[in-house]
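Protein chains in written order, with UniProt numbering: chain A, 1 to 104; chain B, 1 to 997; chain C, 1 to 189.
None of these hints come from the bench; they were simulated from the model.
Heads up, some of the hints might be wrong.
[To be verified] Which chain B residues face chain A? A few, computed with CB under 10 Å, are given here:
id	residue
1	A113
2	Y251
3	F255
4	Y741
5	I890
6	R891
[Stated by the list, open to error] In silico DSSO-like cross-links for lysine-lysine, where the CA-CA straight-line distance does not exceed 27 Å:
id	chain 1	residue 1	chain 2	residue 2
7	C	K137	B	K478
8	C	K151	A	K10
9	B	K483	A	K10
10	B	K478	A	K10
11	B	K284	C	K48
12	A	K33	B	K697
13	A	K78	A	K51
14	B	K284	A	K10
15	C	K151	B	K631
16	C	K53	A	K78
17	B	K431	A	K78
18	A	K10	C	K53
19	B	K915	B	K991
20	B	K284	A	K100
21	B	K690	B	K882
22	B	K884	A	K33
23	B	K912	B	K935
24	B	K17	B	K284
Glycine included, each C-beta is placed from N, C-alpha and C at the ideal position.
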Amino acid sequence: MLLIYCPYCKEERPEIEFRHAGEAHIARPTDIKAISDEDFEGFFFIRSNPKGIAFERWRHVHGCGRFFNAVRDTVSDKIIMTYEAGKPRPSDEEIQARLKELAL
Amino acid sequence: MSGANRIAGAGRLTPAKTVRFTFDGDIYTGLEGDTLASALIANGVHLMGRSFKYHRPRGVLGAGSEEPNALMGIERDKARKQPNVRATVQEVFEGMTAVSQNRWPSLGFDVGAVNDLLSPFFAAGFYYKTFMWPKAAWQKLYEPVIRAAAGLGVSPDEADTDHYTSRYIHCDVLVIGGGVSGLSAALAAARTGASVIICDEQAHAGGAFAYEAGVTMNGEPGFDWAVAAANELAAMDNVRVLTRTTAFGYYAQNFVGLAERVTDHLADPEPQQPRERLWQVRAKKVILATGAIERHMVFANNDRPGIMLSSAARKFLNHYGVAVGTKVGVYTANDSAYETAFDLKRAGVSVEAIVDCRDHPGEGLLERAADLNIEVLTDHSVINTSGARRISAMTVKRNRGGAGRSIAVDALIMSAGWTPSVHMFSQSRGKVAWDADTQRYLPGEYAQDCTSVGACNGTDDLQATIDEAVAAGLAAGKATGGKRAAKPKLAGSGAGNWSGGMAGSAAGAGPDTTVKAFVDFQNDVTAKDIRLAVREGMHSIEHVKRFTTNGMASDQGKTSNIHGLAIAAEALGRDMPEVGLTTFRPPYTPVTFGSIVNHGRGKLFDPARKTPMHGWEEEHGAVFEDVGQWKRAWYYPRAGEDMHAAVNRECRTVRAVAGLFDASTLGKIEVVGPDAAKFLDLMYTNGWQKLKPGRCKYGIMLREDGFIYDDGVVARIAEDRFHVTTTTGGAPRVLNHMEDYLQTEFPELDVWLTSTSEQWAVIAVQGPKAREIIAPLVEGIDLSNEAMPHMSAREGKICGVPTRLFRVSFTGEAGFEVNVPADYGRAVWEAIWARAEPLGACAYGTETMHVLRAEKGFIIVGQDTDGTVTPQDAGLSWAIAKSKPDFVGIRGLMRPDLVAEGRKQLVGLKTKDPKTVLEEGAQIVADPNQPVPMKMLGHVTSSYWSENCGQSIAMALIADGRARAGETLYVPMPDRTIEVEVTGTVFFDEKGERVNG
Amino acid sequence: MADIQAASPQYPLDGMVAGSALVQITPAAPASRLALRARPDAIAPLSKALAVKLPQEPKTSAQGTAAKTKGRRALWLGPDEWLVIDESGADLMAACQGAGGTFSAVDVSNRNTAIIVSGPAAEAVISAGCPQDLSLKAFAVGACARTLLGKTEVVLLREEADVFRVECWRSFSAYAFAFLAEALRDPMV
Ligand SMILES: [Zn+2]
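Could you build all of it, start to finish, from the sequences and the hints given here?
Structure, rendered in structure tokens:
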């Protein structure tokens, strides 16, 4: 069972309090009615499913109830960092810096 | 007398404390503290089981959890039978019943032993190759025969009467292993003030000190020191010492599962004692002090009862006071077996010969052997053994050739060297590294915040082990916030250094031979099997493992892994590290289902949710159905009524008079805030801005792909407050769905969602007399048709209690849904019932609710829809607000497939024979005479006998359904074909006049 | 209307009791409860209206500031979410009506019920099913959190070192009570 740092509760909590909620940073198009079939397919159906660094949404459903984002390495199953919903995707440099911190 | 092989003055058990137990029906006497294995050996019993595949007679190999052979059934009573218990772990208690396994009709004479004679046909991969064809034979022939002949113990056939408990626990430092390294680490960590848990799978701390005679710690005997150290730790407030506790699984972020066996060693456990306690530990630091496990020698017929690891024989002698034989042979590639031989000889046991495959044993050993008059045959090997149910002789041969010599023995102890126990390290996802100098795998790269100390880390010298463990303990304590502390002074001496040895097959069992030299005793895997696997093309150790099943038994390859690897490497002509090592996975030793299921059985298997009116419903004879976790009144049979009769009566009564229905399980969400209507506009297909406070509307919620997700009635309580209802089953996911959009897509909206599902008890009063029933109980609300028409909501009081009263109908009748605070649900229900009953109304359950709504063509999401149905498909286009710029699903509805012709549409079906009720899920075709596979047009989604219509009614999803109105279609069933007519979905009161009362 | 018999309440855990020498498990008294959600601009007005300072630190709670709201507690559940509990039966909805700022107040008095777990083994009994670290170091007196107990969601509040309040939805309360009663059978606790 993972420990996940909730950016709202500001501490690590056991994984069973959380629920995974799919890929992060897929914004719903503002004028969704106007987008093409291809764009809708990309928005709704296509997911990146990477090996390695993945950006995910989680919800602290049995805790503060907030949705937030996490950077997880799908190979090691380690959550590298979490951040509040709406915050931009962390840069490669930020992720690398955090990985270095974790290695210490 | 506790056995002829008990040696007076040896061991630590008290001769006066005897314990009687039975094994395969015979009564034996052991001593308190004995394991079943030590007690049986004390009584001269070595034959303890039959092997898995060949049914060969087997005795114990080890004296601990590594034991692959001596698996027993332990029985307390009919319900409490535990199969596959290791005799080397199970402690005896007064009155214990043990039975051997995997033999028929008896352990001494086993029919299955014919497999041993047929073994040329049972080579590795035999099952894969032989039982492949014909497929049908698997079910009828192969599997039953294999299951009868093979397999381990027999599972109990009654419910377990024991109870099990669990605890989440958090600590600074978890020490796994209570040997000298674990104790040293724990003593050091505890001094820093850190919270420490130390666990050991054995009944006592001390690890190898239990058998390593001659070790002293701070001047006292090693084992005595260990006992004192464990007591000292147990007395500290910040330390928890857990014996008989196996760390079985090491999971992410130092989450470690411990299984504590609380009562398995007790004759009469207190009833409140749990049998096992599951500890789910989250540790800031983990110290692995898991020691090392001795390996056996791989040579011909190395599996006869009486042949065992040297460390096992030494523990039987020095801890239990039991001699494993009277004429003991020794076969070794390592120094540790010498110490066992010396201890045995000093205890008065004859040691026939030490056969050492090496030229040069460790320093001083030959001299010490000579002093004790023990013959040592260096550069020799044991190339075979004989003996039926116990070893009777070993054949010894010089490695460079010459004639074999038979030496009569009744026990043979062996050591090929020691394998650091890296199981837990490996489970933690650490990578093991091959140490070429000492020819063993050691912890390499760590994946988690843990440290290995002592033998499991390849540290061989006693003082070095202590120093390493103390340093690790202090560091772990400090790193987790402990204070600086002085090192505990611990000085150890007198332990041997047992590095070295060999891996793989010994002389006489090499590639050119066909002998049975066992590598994995529990799965009956021989050196030959592993070579065969390589010849058959298995070049990865992972494939070899699966092809031969080496290391896949319940002992997890504790003794076999390294040998198997070495033999595979040799056959492949590669170095061991190139061949790799298989991954160790949890559990370290088998864990009972009881521990895993733990509290979660019986009434705690799953929460059973009951409404405030549940008690009344029970008292009034309701039959309940499960709807998710809810218990819902299904129907209320009266005397002499079956379900059909009860439902028919309820259906008639509601439409003729009225009925009361418990609708409390409906999901309810209070949507509050200035942007509440704006938010609902986005969540539902309908428009909400214009809905006036006091009015209700039926809403449809879609997923982004355009398919129906949920539905329900929404009431506007105030400008900024809506009372949303959802389906019973949909309540949590609908709230989650709405929260998701609110938090992540529309966070700028000033609106919040609060679940009120359980705040309100909901009493539906439906039928022509509904108003008459509730009117006298209601205060402050004008219930007249004019003041409170269909689809309106009012706040007021009923029976003196605040209510949200809705004029809504899921039956097509005029009716109300009375929402009252849940604490008052039963009292208000009873007050309404007291009015309703004299008028001839009834209470009705979910079945009647389903029939009544079907008569009106109202859908149930999840029954008449399946996640691929749009509002248009369901005939609900009217609920889509055409002018809204956006709502969830608006774009999905425009997808080509969703606007295409020929989609399945919800229609009504009437059977040509009005008495025939269709089966829900039945397929529908246009031409029943077409060849199979037929072209399916759709399926029946709801089907009932309608008492009010006097015929069977159904709803179905059918391709182009609405255009087929009036057409005859067919429902082919196994025994007949049913003719149906396509109709509209409303079967009763088509004009919908009754809701207006 | 005069003949209306006023309905009397029935509480979900009425009459339930469990305990041992080390721990007592009892239903809590009925209470008024408010599910409160608010934008930052409403925190001060609501704190004033309810006479309890809405805590803004995760995992903390606050007690009423006025004499008559001493028994009132506000529990931080999320960054804009509080559970207000008052055992005096005060009308909390009325209390916050008209308070300034943007907020949502919903009466959940009957949605939840509570179980009091008290005694030296209280922490151990709850730890049978709660994955959080409940040591005083990690979960001090006054600490609160929504979390899990076995297979059900609860809100945990540590009222005293040896006293926990376990809030749960009413239909889960029988399960939660039975779980705690089962857990206390272990003499180890
Ligand atoms: Zn949180």
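Pair hint K284 (chain B) and K10 (chain A), alpha-carbon separation not exceeding 27 Å:
Roughly 18 Å between the alpha carbons, so the hint for K284 (chain B) and K10 (chain A) holds.
Restraint check, 10 Å cut-off on beta carbons, for Y741 (chain B) near chain A
holds, 8 Å
Given hint K48 (chain C) paired with K284 (chain B) - CA-CA distance at most 27 Å
This hinted pair is violated, its Cα atoms lying about 42 Å apart.
Can you verify the interface hint for A113 (chain B): is its Cβ closer than 10 Å to any Cβ in chain A?
With a minimum Cβ separation of about 46 Å from chain A (threshold 10 Å), the hint on A113 (chain B) is violated.
Does K100 (chain A) lie within 27 Å of K284 (chain B) when you go C-alpha to C-alpha?
The hint holds at about 19 Å.
Below or equal to 27 Å on CA atoms is what counts here, so check K78 (chain A) against K51 (chain A).
Holds: K78 (chain A) and K51 (chain A) sit about 13 Å apart, inside 27 Å.
Agreement of K884 (chain B) and K33 (chain A) with the hint, judged by alpha carbon distance not exceeding 27 Å:
The hint holds at about 10 Å.
Checking one constraint from the list: CA of K431 (chain B) to CA of K78 (chain A), max 27 Å. Satisfied?
Distance of about 16 Å is within 27 Å: holds.
Taking the least C-beta to C-beta distance, is Y251 (chain B) closer than 10 Å to chain A?
holds, 6 Å
Would you check the hint for K10 (chain A) and K53 (chain C), treating anything up to 27 Å between C-alpha atoms as holding?
holds, 21 Å
For a C-alpha distance cap of 27 Å, please report whether K915 (chain B) and K991 (chain B) respect it.
holds, 25 Å
Is K478 (chain B) close enough to K10 (chain A), meaning Cα to Cα at most 27 Å?
OK: K478 (chain B) and K10 (chain A) at ~24 Å, within 27 Å.
In this structure, the earlier hints numbered 1, 11, 16 and 24 are contradicted, and the remaining ones agree with it.
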